[in-house]
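Protein chains: 2
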Amino acid sequence: MATTGKPVSAEIEALSAVLGTDASKLLDPTVAKAWIALLTAYGRVTRALSSELMDSSGMSLADFDVMAQLVRSEEYRLRMSELADAALISKSGLTRRIDRLAVNGWVTRRRCTEDGRVHWATLTPLGLRAFKGAAPGHLAAVADRFGSALPASEMERLTRDLLKIAAKNAEPINS
Amino acid sequence: MATTGKPVSAEIEALSAVLGTDASKLLDPTVAKAWIALLTAYGRVTRALSSELMDSSGMSLADFDVMAQLVRSEEYRLRMSELADAALISKSGLTRRIDRLAVNGWVTRRRCTEDGRVHWATLTPLGLRAFKGAAPGHLAAVADRFGSALPASEMERLTRDLLKIAAKNAEPINS
DNA sequence: TTGCAATAGTTGCACTTGCAATCAATTCGG
DNA sequence: CCGAATTGATTGCAAGTGCAACTATTGCAA
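Protein chains in written order, with the numbering used here: chain A, 1172 to 1346; chain B, 1172 to 1346.
Source of the hints: derived by calculation from the structure; they are not laboratory data.
Predicted model only: the values in this text are computed from it and were never measured.
By construction, the Cβ of each residue, glycine as well, lies at the ideal position given by its N, Cα and C atoms.
Among these hints, one or two may not hold up.
As the list claims (entries may be wrong) - SDA-like cross-link-like pairs, simulated, lysine to any residue; straight-line CA separation at most 25 Å:
| id | chain 1 | residue 1 | chain 2 | residue 2 |
| --- | --- | --- | --- | --- |
| 1 | A | K1303 | A | L1334 |
| 2 | A | K1204 | B | S1319 |
| 3 | B | K1196 | A | A1219 |
| 4 | A | K1196 | B | E1327 |
| 5 | A | K1262 | A | A1273 |
| 6 | B | K1339 | A | K1196 |
Claimed, not checked - If the Cβ cut is set under 8 Å, some of the chain B residues that face chain A in the computed set are:
| id | residue |
| --- | --- |
| 7 | P1200 |
| 8 | T1201 |
| 9 | M1225 |
| 10 | D1226 |
| 11 | L1259 |
| 12 | I1269 |
| 13 | D1270 |
| 14 | T1295 |
| 15 | V1313 |
| 16 | A1314 |
| 17 | G1318 |
| 18 | A1320 |
What the hints assert, rightly or not - Covered stretches of chain A, going by a simulated chain B footprint (3 or more residues, C-beta under 8 Å):
| id | stretch |
| --- | --- |
| 19 | 1196-1210 |
| 20 | 1282-1294 |
| 21 | 1311-1324 |
Sequences are here, hints too, so could you generate the full structure?
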């Protein structure tokens, strides 16, 4: 869904007829339905949020995520690698994303004086202002498109379940 | 976040300090946590599944999804537009994906004799064989990375919740 | 009929992505 | 100290993506 970007979709159902009678042994139909539901929910919500954010603030979802990481960091700065891990993107992807954010004047990149291999990505005052301008609308959109679908207690249960799934798949992006 | 493809990540927490005291009015912390959990779970699982599928079968997750749609269709074929909607990708994206699948000999594209505007994408016997080869491993991977995290009853609840979220955001991809 | 609107797909374009190779700086073993 | 291994980040490359503009075909109205 690239969000834009990355492809988001899938269907696994009804493969039994093709694969043979034991397809449900490979993937429990209950699990298949849940998996499709996850892909569908994710795809629809992110697609909508992405275009709303781009229209209102000229910022991609990935831009927002990176800037959000910096906002919550000490002195509004992070090493490139730390930032890549935090934002769940590859190192090369981050390099180029920071290039673009730097062109906007939202982030600066400076070599670390103590260790010349390290580069700090730092949110600028202009970037902070852009983020402050974008965040309320984006957060409201998340509340509307995602948050309003379930009551709070159910939302907490959803969180616990999703975190269990995430925990089962904990591997760093940048091997 | 994705599969290749799409950026998958985010953090919304801890914005109150930056946005002012009322950030939690914009987005309930409960919702924020759930949203981050969704992005994280989706990103990690799809990333892993994507590379496993590519390694084992030379097929992207998007390829698999498109072929799965054809497998479950009448006569293994679908119109381009139907297929794009079903696979949740744009029309142009599908055009090029079918190009690539056709190069592999997995799908053919033929103009419809009754309505010259329509083109049928049809899974070939070779494509069906490739799909049959890929599906067991992929389904097992879904079962392992996603399905094994929760008991069945909880999985059903998760499905219901996710479908509610999806329903709140039901809009066709191709406007 | 004829000509305009609607529909189905494809293409031009600008961008984004990740992997592998590479460059640069630091650290560590001898 | 010095060269090899390690670590941090950037770049070449080959994809993949969506939007908007375009082509082709059909339908419909006068």
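Hint check:
| no. | hint | in the structure |
| --- | --- | --- |
| 1 | A:K1303 to A:L1334 | violated (28 Å) |
| 2 | A:K1204 to B:S1319 | holds (14 Å) |
| 3 | B:K1196 to A:A1219 | holds (21 Å) |
| 4 | A:K1196 to B:E1327 | holds (18 Å) |
| 5 | A:K1262 to A:A1273 | holds (16 Å) |
| 6 | B:K1339 to A:K1196 | violated (32 Å) |
| 7 | P1200 | violated (10 Å) |
| 8 | T1201 | holds (5 Å) |
| 9 | M1225 | violated (13 Å) |
| 10 | D1226 | violated (14 Å) |
| 11 | L1259 | holds (3 Å) |
| 12 | I1269 | violated (14 Å) |
| 13 | D1270 | violated (15 Å) |
| 14 | T1295 | violated (14 Å) |
| 15 | V1313 | holds (6 Å) |
| 16 | A1314 | holds (5 Å) |
| 17 | G1318 | holds (3 Å) |
| 18 | A1320 | holds (4 Å) |
| 19 | 1196-1210 | holds (count 12) |
| 20 | 1282-1294 | violated (count 0) |
| 21 | 1311-1324 | holds (count 10) |
Hints 1, 6, 7, 9, 10, 12, 13, 14 and 20 from the earlier list are contradicted by this structure; the remaining hints agree with it.
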